[in-house]
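What follows is each chain in one-letter form.
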Amino acid sequence: MPEPRVLIQEEDFDIAAETKLLTGENKNIGAVVTFTGLCRDEDNRLSALELEHYPGMAEGEITRIAQEAITRFDLNGITAVHRYGKINPGENIVLVVAAARHRQAAFDGANFLMDFLKTRAPFWKKEHPRDGSTGDWVSAKDADDDALSKWLSE
Amino acid sequence: MPEPRVLIQEEDFDIAAETKLLTGENKNIGAVVTFTGLCRDEDNRLSALELEHYPGMAEGEITRIAQEAITRFDLNGITAVHRYGKINPGENIVLVVAAARHRQAAFDGANFLMDFLKTRAPFWKKEHPRDGSTGDWVSAKDADDDALSKWLSE
Amino acid sequence: MKLVYFAWLRERLGVNEEMVDLPDDVQTIADLFGWLKQREEPYADVFEASDIIQVAIGKQHVLDRSTNIAGADEIALFPPMTGG
Amino acid sequence: MKLVYFAWLRERLGVNEEMVDLPDDVQTIADLFGWLKQREEPYADVFEASDIIQVAIGKQHVLDRSTNIAGADEIALFPPMTGG
Numbered sequence: 001m002p003e004p005r006v007l008i009q010e011e012d013f014d015i016a017a018e019t020k021l022l023t024g025e026n027k028n029i030g031a032v033v034t035f036t037g038l039c040r041d042e043d044n045r046l047s048a049l050e051l052e053h054y055p056g057m058a059e060g061e062i063t064r065i066a067q068e069a070i071t072r073f074d075l076n077g078i079t080a081v082h083r084y085g086k087i088n089p090g091e092n093i094v095l096v097v098a099a100a101r102h103r104q105a106a107f108d109g110a111n112f113l114m115d116f117l118k119t120r121a122p123f124w125k126k127e128h129p130r131d132g133s134t135g136d137w138v139s140a141k142d143a144d145d146d147a148l149s150k151w152l153s154e
Numbered sequence: 155m156p157e158p159r160v161l162i163q164e165e166d167f168d169i170a171a172e173t174k175l176l177t178g179e180n181k182n183i184g185a186v187v188t189f190t191g192l193c194r195d196e197d198n199r200l201s202a203l204e205l206e207h208y209p210g211m212a213e214g215e216i217t218r219i220a221q222e223a224i225t226r227f228d229l230n231g232i233t234a235v236h237r238y239g240k241i242n243p244g245e246n247i248v249l250v251v252a253a254a255r256h257r258q259a260a261f262d263g264a265n266f267l268m269d270f271l272k273t274r275a276p277f278w279k280k281e282h283p284r285d286g287s288t289g290d291w292v293s294a295k296d297a298d299d300d301a302l303s304k305w306l307s308e
Numbered sequence: 309m310k311l312v313y314f315a316w317l318r319e320r321l322g323v324n325e326e327m328v329d330l331p332d333d334v335q336t337i338a339d340l341f342g343w344l345k346q347r348e349e350p351y352a353d354v355f356e357a358s359d360i361i362q363v364a365i366g367k368q369h370v371l372d373r374s375t376n377i378a379g380a381d382e383i384a385l386f387p388p389m390t391g392g
Numbered sequence: 393m394k395l396v397y398f399a400w401l402r403e404r405l406g407v408n409e410e411m412v413d414l415p416d417d418v419q420t421i422a423d424l425f426g427w428l429k430q431r432e433e434p435y436a437d438v439f440e441a442s443d444i445i446q447v448a449i450g451k452q453h454v455l456d457r458s459t460n461i462a463g464a465d466e467i468a469l470f471p472p473m474t475g476g
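Residue numbers (the working numbering), protein chains in the order written: chain A, 1 to 154; chain B, 155 to 308; chain C, 309 to 392; chain D, 393 to 476.
Excised from the complex, chain A in its bound form (with noise of 0.2 Å):
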């Protein structure tokens, strides 16, 4: 069974890389979606986000989550890479890459560990307002909890 490839990193990622990495020379892959999580600057309010994670327990909790990702949608692979530090409006924030014979499978891979990552992987995010005021940490949401039940009541 393949092997998730996990980094948490502070500086950016290249998708066509992590891409071509994941792919390689497998021609019985049929289909390769990646999702880009991006820092929004909310109507202009804010200046950055400021990503504390907590480090060992990020890798760990990922990996397990994209080996389960592997299992259960019989994924050729998964690639999730997650930035921390000061991220600003229009910077890639998270990367995942899922590749299979089929399409739905690599959607499914995909969108279930973005799940997992938004409610199960220890990051928090601090906003820095634009007005220079002392930003608030990022609520989790609701939505989110809901997200995951999706794949829990299968």
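A portion of the hints provided could be inaccurate.
Derived CB-CB ranges, DEER-like [to be verified]:
#, chain 1, residue 1, chain 2, residue 2, range
1, C, Gly-342, A, Asp-142, 54 to 64 Å
2, A, Asp-142, C, Ala-338, 48 to 58 Å
3, A, Glu-10, B, Asn-182, 54 to 64 Å
Think of the hints as simulated: they come from the structure by calculation, not from any bench. The beta-carbon is built from N, C-alpha and C at its ideal position, and this holds for glycine as well.
Got chain A; can you put chains B, C and D on it based on the hints?
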């Protein structure tokens, strides 16, 4: 409302360039999903796929479905590129890029467009077997009709 | 009226497209299939299983076989699509 | 035992991590929260609403508050995660 970008072409596409073109400088995009469909060699059985299409109708149908995806999922934008001609195993066939504020809309937009492309875009695939025999035309799959019906019943 | 064919229809008929003069009583898609079926081989053979053959009128996919084809410039006939 | 804090817990407590000697009767996660709550401010205040605070033992997320913490080297306390 954003207009979809739809390309029907013989040459390959550049996922990174298409993504950049779609997102541009829009800092309210939080999620980008790309789907790439590739030619499989079916465990080394095929030397190529030949894709025939109906010019004019292909652009028209894909544009219409892409517009529906934008409306239905409130996308910031969507791009579809579909190749025709002879395509070798490992090469790209189709690309969909969907951008949205939130992740599920981007996933759903790309998934919706792909499900429609499978059964509503006027393309036909002929197999070129490695053993030099005359290949068959790929049959439409019931599974693809089923995939479509999930969007129609909602 | 121009008829255009794709994929295995094109191959088995041996034509990409052709101009046809339809009799006055060919009014609908169903009538068109009836007319094609009574033509010489390979038409009769190819259009025997006409229920799986798809139709586009003016590059728009049309499912309803009672659709009127009068005035259409171009009608395309093809197997179920396998895009993506 | 090492306690580590993240996000607004870290900010409000003013510490990233600390070594603590727990009394013998602190056996479970629930006990740990009870003990933290009775410490001087800002602990009492921060851990008042302890039901939303999440726990990892040895970098594994643990939901069951009756889980035994004996022998743990590192326990992390943090708000609900907002990854992705």
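Going through the hints against the structure:
The hinted window of 54 to 64 Å between Gly-342 of chain C and Asp-142 of chain A holds, with their beta carbons roughly 59 Å apart. Separation of Asp-142 of chain A from Ala-338 of chain C is about 53 Å and conforms to the stated range, judged on CB atoms against 48 to 58 Å. In this structure, Glu-10 of chain A and Asn-182 of chain B break the distance hint of 54 to 64 Å, their C-beta atoms being roughly 24 Å apart.
Going down the numbered hints, you'll see the structure goes against just number 3.
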